[in-house]
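Once you have looked at the hints, place chain B on chain A.
In order, the protein sequences belong to chains A and B. Residue numbers 1 to 164, in the numbering used here, belong to the letters of the first sequence in order. Residue numbers 1001 to 1164, in the numbering used here, belong to the letters of the second sequence in order.
Calculated from the model, a selection of chain B residues having no Cβ within reach of chain A, i.e. all distances over 12 Å:
| # | residue |
| --- | --- |
| 1 | Val1038 |
| 2 | Pro1079 |
| 3 | Gly1092 |
| 4 | Glu1094 |
These stretches of chain A come out as covered by chain B in the derived footprint (C-beta under 8 Å, 3 or more residues):
| # | region |
| --- | --- |
| 5 | 21-30 |
| 6 | 95-107 |
Quick list of in silico lysine-lysine cross-link-like pairs, DSS-like style, CA-CA up to 27 Å:
| # | chain 1 | residue 1 | chain 2 | residue 2 |
| --- | --- | --- | --- | --- |
| 7 | A | Lys121 | B | Lys1160 |
| 8 | B | Lys1157 | A | Lys155 |
| 9 | A | Lys121 | B | Lys1157 |
| 10 | A | Lys160 | B | Lys1121 |
No lab work stands behind these hints, which were simulated from the structure alone. For glycine and all other residues, C-beta sits at the position ideal for the given N, C-alpha and C.
2 protein chains.
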Amino acid sequence: MTLDPPSEGSLATLLCMSEPPEITLRPIGVVRNGEHDVALWDWSRVESRVELGAEFEDRLLGLADYSHVIVVGWMDQFPSEYLERARAYPAGDERLPLQGVLALRGGRPNPVSVTVCELRKVEGATLVVRGLDLVDGTPVIDVKPYIAHYDSVPKAKIPKWAGG
Amino acid sequence: MTLDPPSEGSLATLLCMSEPPEITLRPIGVVRNGEHDVALWDWSRVESRVELGAEFEDRLLGLADYSHVIVVGWMDQFPSEYLERARAYPAGDERLPLQGVLALRGGRPNPVSVTVCELRKVEGATLVVRGLDLVDGTPVIDVKPYIAHYDSVPKAKIPKWAGG
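Bound-form chain A, shown alone:
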C-alpha cells in the first residue's frame, strides 16, 4: 500500500484501520540512582544503575566494548493531563517560544525517553551509566550501543532560542 503524499487524516485513516493498533511492551529494567527530582536541571554527572532483569544478562554480551549507550525509558512519572498537552513552554519558561510537545524532550503522547549516556561498567545484568536523566524507579524499555557513525551529528542545527 502506498499513499500519495501528503496524506491527511487521522492515524487510523493513514493505517486504513478503524483504530490504530495498540502496542504492548514490558520493561526490561529499572533506573536506580536515588534521584527523585524530575525538575533537576543538570544530569550530566548523575551516576545511575540501569538494573535489567537477570533474564536479560545474556543479551548484554559485547555491550561493554562501547563507551556510550542509548537508554530508552518510559517516563511514567507524568500525569495523563500532561501527556495530552499539545504545546508547552520549554522548561516552563513563558519568555521562550511556545513549542509543540514533539519539538521538546519532555512529556509527549507516548512518554518514551531517549538518552545518550556514558557506559562506565557492566556488572552482570546491571549497567552503570553517567548522564542518564531519569528519576529513580523509571522503567527502562531498551538499551542500545551508541554508534557515532549513525548517532552523532555534531553540527545539527537547533533554534536560536535554544542557543543555536
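Using the frame of chain A, we list chain B on its own:
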C-alpha cells in the same frame, strides 16, 4: 525504595512486583518510503515521509527549526522467535563476534528503533526525513528534536570488529 547495588534477580523481583507491568502505547504515525527490504544496507539516502495522524499536527510546532530529528519506531516486521533470541551475529556474519541482542541495533525484547535523521521539511502532520532506516509501514511511536549538546558524542568508542 532503594536497592543495594548490584541487585540480582528477575525484573519482577527488582520492581518488587509479582510480574513487571505491561506498558501500552499507540503509534502516532507511520513510515512511507516504498522500501520493503529489511536487509537494505545503506539507508543514508533514503527519503521517507513520517506521516503522523492529523491529531498530532499541533504538537509539531517549532520542530521545523531543527535540522535533525530522532525517530522512534516499532519494528513490527520481526517474527516473535527473532525477538526472543538472546544473541546474534552482527548482520548475520558468523566471522564477527557473537553479540547479545542488546549490543546490536536489530531485533530485541522490545523492538524499539531509534534513528537520527535529517529533517528536510514539515508539511502539515508529515515529516519528510532522510536516512530513516525503517521499511514502509513501520509504526512510529515518537519523534524528538535532535540536540547535539546531549545527543552527539563524536568520539564515542566502538569495538574493533565494528571499525573502532
